[in-house]
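A.B. asks: As given, the protein sequences belong to chains A and B, one line each in that order.
Just so you know, this note's numbering puts 269 at position 177 of the first sequence, and the rest follows in order with no gaps.
Just so you know, this note's numbering puts 194 at position 176 of the second sequence, and the rest follows in order with no gaps.
Hints listed in this document are in silico derivations from the structure and should not be mistaken for laboratory results.
It is possible that some hints are incorrect.
Unchecked claim - Short, incomplete list of chain B residues facing chain A, as computed with Cβ under 7 angstroms:
(1) 29
(2) 64
(3) 226
Said to hold, decoys possible - Label-pair distances were calculated between CB atoms; the ranges are:
(4) A:149 with B:86: 14 to 22 angstroms
(5) A:221 with B:190: 44 to 52 angstroms
(6) B:179 with A:272: 42 to 50 angstroms
(7) A:166 with B:159: 53 to 61 angstroms
(8) B:50 with A:222: 30 to 38 angstroms
Being a predicted model, the structure only gives us computed values, none of them experimental.
A virtual CB, placed ideally from N, CA and C, is assigned to each residue, including glycine.
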Amino acid sequence: MPVTAANDDPERARRFRETALPHLDDVYTLARYLLRDPTDAEDAVQECYLRALKHFDGYRGPAMKPWLFAILRNVCRAEYGRRASSPTGAIEDMPESAEQTPLWNEAQETPEAQVLRTRDAATIRRLVAALAEPFRETFVLREINNLSYREIAEAVGAPVGTVMSRLARARAMLRSAWMAEEEQPR
Amino acid sequence: MTCEEAEILLHALMDGELDAGHAREVEEHIAGCPACAAQLAAYREMSQAIATAKMKYTAPLALRRRIEAALPPPQTRAPSRRAVLRGFAFGSAVSAIAATGLVAIVLREDELQRVQSEIVSAHLRSLQAGHLTDVISTDQHTVKPWFNGKLDVSPPVIDLTAQGFTLIGGRLDYVDARAIGAVVYKRRAHIINLFVAQTSNTERRAAKIETLQGFNIRCWRDRGLNFWAVSDLAADELAEFGDRFESTMRVNTEG
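Bound-form chain B, shown alone (with noise of 0.2 angstroms):
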């Protein structure tokens, strides 16, 4: 792989959209070439930065209204209908990719949104069906060796009740036809399911928030973990839990 081409694909490789032969390839140039490791570096930082800086405006009040306004009033009824954001698939062919000149980039496929949108029904199953716990304990030192031999990691359980997060329990789930562990957070009135699951990829990725189906979720990696934090909390709160557990977490392993 020649530069030209690696200052491009660093791109796709900080964004996680290659799969993983090209990922690879990517990586191997990268490993060898010190320019080409500096852009790395120099652009992870900066996405860093701008995922840690508030970057998102908030829709004013007002326009929100004017907005809703517009609709006919809601009828009361129960939510039905979820299938719009799920196990959808492109129907045209991704065009030939003209403007770098690169040949073969096979780009991954929407596996995050899909797995994202799994997480929401979990999180919504686990709200639904009185099944939010299999331990039940507010100790952590419980809780985490409940997990022990359930599953091929052992999710990170953090005491945060200092913090206005109160640990209630751990239950196994089942994401992307994998058995996965979630830790059971409660502030208020409100349920967090950080759910937790091993990746592949041990590269670090700063938190992101995102709106589902009117949950937010933050997603993470840290450690070649994947975690998404699953709440109706808003998500400036949500976003605190995360900072929490994150510095939380770095303090523990690092201390």
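For reference, chain A alone in the conformation it holds in the complex (with noise of 0.2 angstroms):
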């Protein structure tokens, strides 16, 4: 029978740190595009790694980096929820018919790929920052940290279909924002 080994354990330590902290820079990276705040993100992913560490008996695969994102959204979630943007403070407390509109209502358009290929990081960053919650989440996750839908779907907890409409919903939105931007005099 397998004993339960203390946070001390050395060959255990030994795993967190081969399997878990190369994956730093993606939990913060996350932490950062869910609260916008560097400090907060710091506080949320050592809380994180901690809560990490503590569990570990209990990961089982399938995969390092969505268990660790799931952990860092409860983290957020629950020391940060007042602060979150969503009106509700809970990530997923958004009304279905929000996630069933039309996305796109516009007619074709044409030379976008110009102004699309001109941003920056830094309006990159501040345009994805000015996206609603769930959808920011699923965009970061998908374009930045660069997870597959089901590993997206299994650290949001929601189904693979709820994953794709909120990608194709954060990437409507993004676009929209991201051509606007360029329309205003700078």
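These two chains come separately, so use the hints to put the complex back together.
C.D. replies: Here it is in structure tokens:
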């Protein structure tokens, strides 16, 4: 029978170090986008890793990154829920209708390519940060943390179909914001 | 396929999440629908711009230290287990696709993830077994012909010595149950294995850098080839390697 290892078991710590620590930048990146504040992000990431270490014995895979992200998400919701942008404070309290609204009404557009190519990282970060909560999260997990749809579904605890529609919405909203930005005089 | 379906599925297409059959269906729709084709083109541009911009943050060193301080000190031992990230299977069936109202979407297995893990293992093998190169040469005109007849694809071999990445040779490796070409470069004491494999997908995919088992992997797709550059180099240096490789390859093929 496996014995539950204590937190100071060196073998366990080694495994944790090898499997969880390499994802620190990814976890921190997600925290930055979720919380939009560097100090909050640091605190949340530290708490995330402490919790991950504590629950490491229960970790059975499949992949480390979505597991860490799910923990981070819980930390963010528990500690920083009040400050999160979503009006209800809870990430999945999205009315279903909001996810079923038509994605695009505009007519087909033409030479966006130039515009889309010329945005710098700071502008993109700002536009991404302005996305509403569940869309921002899904978008960051896909485009920046590079998770597959299944992994995103696992990390956010939603069906893959929801992930797909959120991602489509997120990209549509970001694209509109991106184009609008371009039209403003600078 | 209707435009409503395509508008959702084109995202799965560009994210490489569709199996071959569904990808074909979406591509057929897009081929006959300028509106959806324009959507796809715009999203690809956006995705590419995001992939090129530095969107990731780096964890502050103080944070890393605080987290490491919470762990018991490491013991010096050879790494043994790398099974954690490999061969995983999803326990539960994927839930019904509710929100989109779409019916049968078959998402591809997490194949890329598995292949990446194999790529890292191949990289480790190449370092451990004293079997880094089958052909040793800093001359691309020696390394490239060496691959002829050994693979179903001729990996591009590009001399990047002037850019600070020394070509040291080539090797046949075995990844995802087939032979694959590896072109080996060196920067200072760091080895870079560039794995090249043919793919039926001719869609260009912008580079992404990931970290697996402590190694950085930069993968991209261009001209029907999948590329994985693996190294213990820092991510920014590996990105530089990839950028230089890609731009030289573009010049070579267009010029």
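A.B. asks: Any hints this thing doesn't respect? Which numbers, in order?
C.D. replies: none
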